[in-house]
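Participant: Sequence:
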Amino acid sequence: MKVSVKVLVPVREHPKFNFVGKLLGPKGNSMKRLQEDTMCKMAVLGRGSMKDRQKEEELRQSLDPKYAHLTDDLHVEISALGPPAEAHARIAFALAEVRKYLIPDNNDNIRQEQMREMEIITAADPTSKDPPPPGIKRSSIVRAAAVPPRPPVPMRTATRAPVTTPRVMPAKTKIMSILDRARIAMEESYAGNYEEPYEPNEPAYDPYPVSHTRSSYSSHHYDPSEYDAAYYRESSASYGE
0 MKVSVKVLVP VREHPKFNFV GKLLGPKGNS MKRLQEDTMC KMAVLGRGSM
50 KDRQKEEELR QSLDPKYAHL TDDLHVEISA LGPPAEAHAR IAFALAEVRK
100 YLIPDNNDNI RQEQMREMEI ITAADPTSKD PPPPGIKRSS IVRAAAVPPR
150 PPVPMRTATR APVTTPRVMP AKTKIMSILD RARIAMEESY AGNYEEPYEP
200 NEPAYDPYPV SHTRSSYSSH HYDPSEYDAA YYRESSASYG E
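Counting in numbering that gives the first Met the number 0, the final residue of the sequence shown is number 240, and the numbers go up one at a time with none missing.
Just so you know, the hints here were simulated from the structure itself, not pulled from any lab data.
Treat the hints with care, as some may be off.
Stated by the list, open to error - Below, computed lysine-lysine pairings styled on BS3-like, alpha-carbon distance capped at 27 angstroms:
id: 1; residue 1: K1; residue 2: K31
id: 2; residue 1: K54; residue 2: K31
id: 3; residue 1: K99; residue 2: K50
id: 4; residue 1: K65; residue 2: K54
id: 5; residue 1: K1; residue 2: K54
id: 6; residue 1: K50; residue 2: K40
id: 7; residue 1: K1; residue 2: K15
id: 8; residue 1: K99; residue 2: K5
id: 9; residue 1: K15; residue 2: K54
id: 10; residue 1: K50; residue 2: K15
id: 11; residue 1: K31; residue 2: K15
id: 12; residue 1: K65; residue 2: K1
id: 13; residue 1: K65; residue 2: K50
id: 14; residue 1: K40; residue 2: K1
id: 15; residue 1: K5; residue 2: K15
id: 16; residue 1: K31; residue 2: K5
id: 17; residue 1: K99; residue 2: K1
id: 18; residue 1: K31; residue 2: K65
id: 19; residue 1: K31; residue 2: K99
id: 20; residue 1: K26; residue 2: K50
Stated by the list, open to error - The calculated label-pair distances, taken between Cβ atoms and stated as ranges, are:
id: 21; residue 1: N105; residue 2: K26; range: 17 to 25 angstroms
id: 22; residue 1: L62; residue 2: M38; range: 28 to 36 angstroms
id: 23; residue 1: R182; residue 2: L62; range: 39 to 47 angstroms
Just so you know, even glycine gets a beta-carbon here, dropped at the ideal spot from N, CA and C.
Please work from the sequences and hints to get the whole structure.
Facilitator: Next up, the structure:
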């Protein structure tokens, strides 16, 4: 069973924030890790998903069904393939993880990790055309890359251990494990977004006094004298016919 969902990117509320760059990460590594962790396929689609805006407009005008998504709003398409319960569990986990990348914050943990990763990539490839992260000079990165690496530590020879086959996790346990990860991810996403509960205010009116006498309540029991005895005699006579 294949389950697919679309998550809209809040570009209209935050038009100046680069959501696509945060979702993809350096060299697309962030999106790759998301797919590996959640066991789902993901793709950034819609208007503004391509880096070359002129080419995007040309493909949009071509009316090719392959690029029909370019007429939609910017979104992330998430799909999972598997048994129904497992596929829905993967989607739930993926939704919780993707939500972290849709927070318009340039200084959160995700962005800081991406900046450190960009430093490492730029240091490993000084000829890269990608600009360094803000606040980092390329010269300092090149000097860091010029430092010779440490010699490799010789590996010790050891006896070969017997090969053990991995134990297959039962389907129910696997699904619950994915759901637990999704719950933890959602708790991390929603943490700190709620304010302290309001203190209950004192009532501005005087409470109505409760009467303990039974006279204030009207009785819903009927007096037998209110019933017409002739009605029942006529009814019984009609049944006897």
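Participant: All hints, please: hold or fail.
Facilitator: Each hint, compared with the structure:
1. K1 / K31: Holds - the C-alpha atoms of K31 and K1 are around 20 angstroms apart, at most 27 angstroms.
2. K54 / K31: Between K54 and K31 the Cα gap is close to 24 angstroms, so the pair holds against 27 angstroms.
3. K99 / K50: holds (22 angstroms)
4. K65 / K54: holds (14 angstroms)
5. K1 / K54: Violated, at roughly 31 angstroms.
6. K50 / K40: Status holds; Cα separation ~21 angstroms.
7. K1 / K15: Given pair K1, K15 is violated - Cα atoms ~34 angstroms apart, limit 27 angstroms.
8. K99 / K5: Roughly 15 angstroms separates the two Cα atoms, so the pair holds.
9. K15 / K54: With Cα atoms ~21 angstroms apart, K15 and K54 stay inside 27 angstroms; holds.
10. K50 / K15: holds (15 angstroms)
11. K31 / K15: With Cα atoms ~25 angstroms apart, K31 and K15 stay inside 27 angstroms; holds.
12. K65 / K1: holds (20 angstroms)
13. K65 / K50: Given that 27 angstroms is the threshold and the Cα spacing comes to 18 angstroms, the pair holds.
14. K40 / K1: holds (11 angstroms)
15. K5 / K15: Measuring from Cα to Cα gives roughly 22 angstroms; hence the hint holds.
16. K31 / K5: At roughly 18 angstroms apart (the allowed maximum being 27 angstroms), K5 and K31 satisfy the hint.
17. K99 / K1: holds (24 angstroms)
18. K31 / K65: Distance of about 22 angstroms is within 27 angstroms: holds.
19. K31 / K99: Within the cut-off at roughly 15 angstroms; holds.
20. K26 / K50: holds (13 angstroms)
21. N105 / K26: 17 to 25 angstroms: Given range 17 to 25 angstroms: holds, Cβ gap about 19 angstroms.
22. L62 / M38: 28 to 36 angstroms: holds (34 angstroms)
23. R182 / L62: 39 to 47 angstroms: Roughly 43 angstroms apart at Cβ, these two residues keep to the hinted range, so it holds.
When held up to the earlier numbered hints, the structure conflicts with 5 and 7 and fits the remainder.
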